[in-house]
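Read top to bottom, the protein sequences are chains Y and X. Going by this note's numbering, the first residue of the first sequence is number 1, and it counts up by one from there. Going by this note's numbering, the first residue of the second sequence is number 115, and it counts up by one from there.
Check before you lean on any hint, since a few could be wrong.
Below, computed lysine-lysine pairings styled on DSBU-like, alpha-carbon distance capped at 35 Å [claimed, not checked]:
(1) Y:K71 to Y:K44
(2) X:K184 to X:K170
(3) Y:K71 to X:K156
(4) X:K156 to Y:K51
(5) X:K211 to Y:K62
(6) X:K116 to Y:K44
(7) X:K156 to Y:K62
(8) X:K116 to Y:K51
(9) X:K116 to X:K184
(10) X:K184 to Y:K62
(11) X:K170 to Y:K62
(12) Y:K71 to X:K181
(13) Y:K44 to X:K184
(14) Y:K71 to X:K170
(15) X:K116 to X:K181
(16) Y:K71 to X:K211
(17) Y:K44 to X:K211
(18) X:K184 to Y:K71
(19) X:K156 to Y:K27
(20) Y:K27 to X:K170
(21) X:K211 to Y:K27
Since the hints were made in silico from the structure, they are not lab data.
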Amino acid sequence: NAGVMQNPRHLVRRRGQEARLRCSPMKGHSHVYWYRQLPEEGLKFMVYLQKENIIDESGMPKERFSAEFPKEGPSILRIQQVVRGDSAAYFCASSRQTNTGELFFGEGSRLTVL
Amino acid sequence: QKEVEQDPGPLSVPEGAIVSLNCTYSNSAFQYFMWYRQYSRKGPELLMYTYSSGNKEDGRFTAQVDKSSKYISLFIRDSQPSDSATYLCAMISDDYKLSFGAGTTVTVRA
């Protein structure tokens, strides 16, 4: 019974490059969320997706960031033209239902921008 | 003012001691209250889950919610070195966005 799978676990990019983070939710879960965690800060909501739909992207910067959850395959968080301030841990979570807060998190993808 | 306030610690206790963690919040619409545990370089895992005010006990862990004071607590009895982690409080209203505290780092000394 695999949990939420994220890859890569660690990613190093130079400024201006693209970062692509992938997330496969738990089996039976149709709700996917992305959160960002900066050092000494709590997790911050970025985006909520269901299959083929972005439900809420209000926590995601308007520029350079995008997310998708296609009919087939994992959810992808894409960051274009990365800057040093994008360095953070990005966590994906999934849930069977929404509105209850019972999220199951992946191990995270740690992005370092040089 | 942050929506959820949590003392980051760090907190260091001897093995067997009671660990007391707490958070305050400002949004009276919050209905569900959670505690997540996060080991170093790992993802958060759900530890305790409470709906509205009251107490909930699970083994050595007790979660308390006082909505009138906008205050939640987590107690760990008979703490073990394996309890050393960062504990994050989280809460949600009637939507899907969890609001997290900054996390309290706990070290249990053997």
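_Could you work out which of the previously given hints the structure breaks and list their numbers from low to high?_
11, 12, 14, 18
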